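Asker: Each chain, letter by letter, is given below.
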Amino acid sequence: MLKPSIAPHLRRAQRPFYQAGGVLLCLAPLVAFSCLYYGLRPLLLVLIGMVTAIATELLCDAFRHRRPTLNDGTAAVTGALIGSMMSPLTPFWVPVMGSLFAIGVAKMPFGGTGRNVFNPAAAGMAFCAICFPTRLFVYPDPSLQQTLPLTDTSSVITALSPAAQLSNSGTTSFGWVSLLSGDFPGPIGSAGILVLIACALYLYVRGSASPLITVPYLLVCGVIAALFPRANIAPSASMALELCTGLLLFTGVFLLCDPVTAPRHPLARVVYGCLAGVLVMLLRYYGRFECCEFFAVLLVNAFSPLLDRSCWRIARFVSEVIKR
Amino acid sequence: MTRSSLKTVTSAFWDTFLVNNIVLVQAAGICPILAIGYDLKFGVALSACTTAVLLPVSLFLTALGNRIAAWLRPVLYTLLSSALLFVAALVLRQAISAELYAHLYVFLPLMAVNTLFTYRASATALRTSLRPVVAVADALGTALGFSLVMCITCALREMAIAGTLWGIPLGYEARFPEAQHPFIGFVLLGFMAAALQWFKQLSGRLFRKEAA
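Residue numbers (the working numbering), protein chains in the order written: chain X, 1 to 324; chain W, 1 to 212.
Pulled out of the complex, with its shape left as it was, chain X reads as follows (with noise of 0.2 Å):
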């Protein structure tokens, strides 16, 4: 007998929960690192997130009387995705606004889980960065190891980012060590390198994420940044920094590997990824905020269906012209 069921329509091992467990999984370690240097604040914000992401899902599925579909647990990534792109330093409030547009905005209209066209996590991080610029990106400098309070944070001393240093003057004070041990000031999950790569080759054996998508992606990143370094430093440094600083990678691993706003053909996706890497870059290049990573995850969500569809035709053409 057919058990109907909502989309994503996926196999057992790729089914809803489980992605989004191995997700949280992931961001785990990732907060915690974070913790490490700043103390619960970082686990405050993404626990504040995901709280706001479960209630605004709970309100929406009542307000349009169907059972709550909280189980499937992508609410609670979204929440999760969120804090764990802003900074530790960002006010609570922050977080609430949007987990609020993510799933109140981006997701829910749209149908819930499985019919959102843009990735909610990234409309959430969009809204903030347009609405909110000054609240998310001031880090703390986690070379002084101080632990942030929970409410006045005025106090706290503050320091540029790498991301910010290559847009401002063209070069950073970060060496390799420090960029792969997450000393540096960013977001709460951009901190470790090595984790966020560790957290990535988990996602990929488990199934959740696609090597598809995120290395074509950070090949195409790679490559622009060195054929057109920001710096004036060897093209392979200027590849380094590229890639270890801002969200870069975190977008990669998480942001464009969602099941739901990827597409499914494996040429598409790695188009998917290169288009990523190319706006990406030119984001970085041109734009205006220095975490930029989001805007081009929204931009790139727009053209999903047309690479699957199109993907899929080349596909069709080609076996077609194999079988005469």
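It should be emphasised that the hints constitute simulated quantities derived from the structure, not laboratory data. Any given hint might turn out to be false.
One side only, chain W facing chain X, incomplete, derived with CB under 8 Å [stated by the list, open to error]:
no.: 1; residue: E178
no.: 2; residue: H181
no.: 3; residue: P182
no.: 4; residue: V187
Fair warning: this is a prediction, and the values are worked out from it, not measured in the lab. Don't be surprised by glycine CBs; every beta carbon is placed ideally from N, CA and C.
Given chain X, put chain W in place with the hints provided.
Answerer: Chain W in isolation, oriented as in the chain X frame:
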């Protein structure tokens, strides 16, 4: 006026006012709503100018009937709209408020080439047998439909930005100045379009129930 012609006039009005609202259903005239739709005074001024232009021009074109070619109508419509908007802008600046005119900036003259007007010109050109009274009801519905959406958007955004309505404080402290961004206007229009579809579905269901 007979009952059937009254029904035609009423249905022409409701059709353009709500059922096929020019902004929420036909997606025309969105630009000024997004750009300057954050103060109720601006909204009312722009809505008044739109109504003052749409009514006489629609009436004039209907009176002309088939005497001019259909392809020439949009051009004539734009020219007439520009002339009337110039008069409306002059009245606004000289007699009402120069400050309001300055706030409306380039958006008032730009209304002459807005899709709202060009769309009406094409619609009138296609229906050459329209009687003047129906044409006026049609134009009035369009103008009031635009005004309704414009004023609701302006009121909501003004309340969020400044906590006021028509400049009168509403007595709460919460402010969201970011609502001035055009994308907030887009989000509001999206929700209003969805609300209109929901209302249409609900009323359709009610009518069907009554008929049964």
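Asker: Against chain X, is E178/W within 8 Å by beta-carbon distance?
Answerer: 4 Å, holds
Asker: With a cut-off of 8 Å on the beta carbons, see whether V187/W makes it to chain X.
Answerer: 6 Å, holds
Asker: Should the interface hint for H181/W be scored as holding, given a Cβ-Cβ cut-off of 8 Å against chain X?
Answerer: 6 Å, holds
Asker: Close enough to count: is the Cβ of P182/W nearer than 8 Å to one in chain X?
Answerer: With a minimum Cβ separation of about 10 Å from chain X (threshold 8 Å), the hint on P182/W is violated.
In summary, the one numbered hint that this structure violates is 3.
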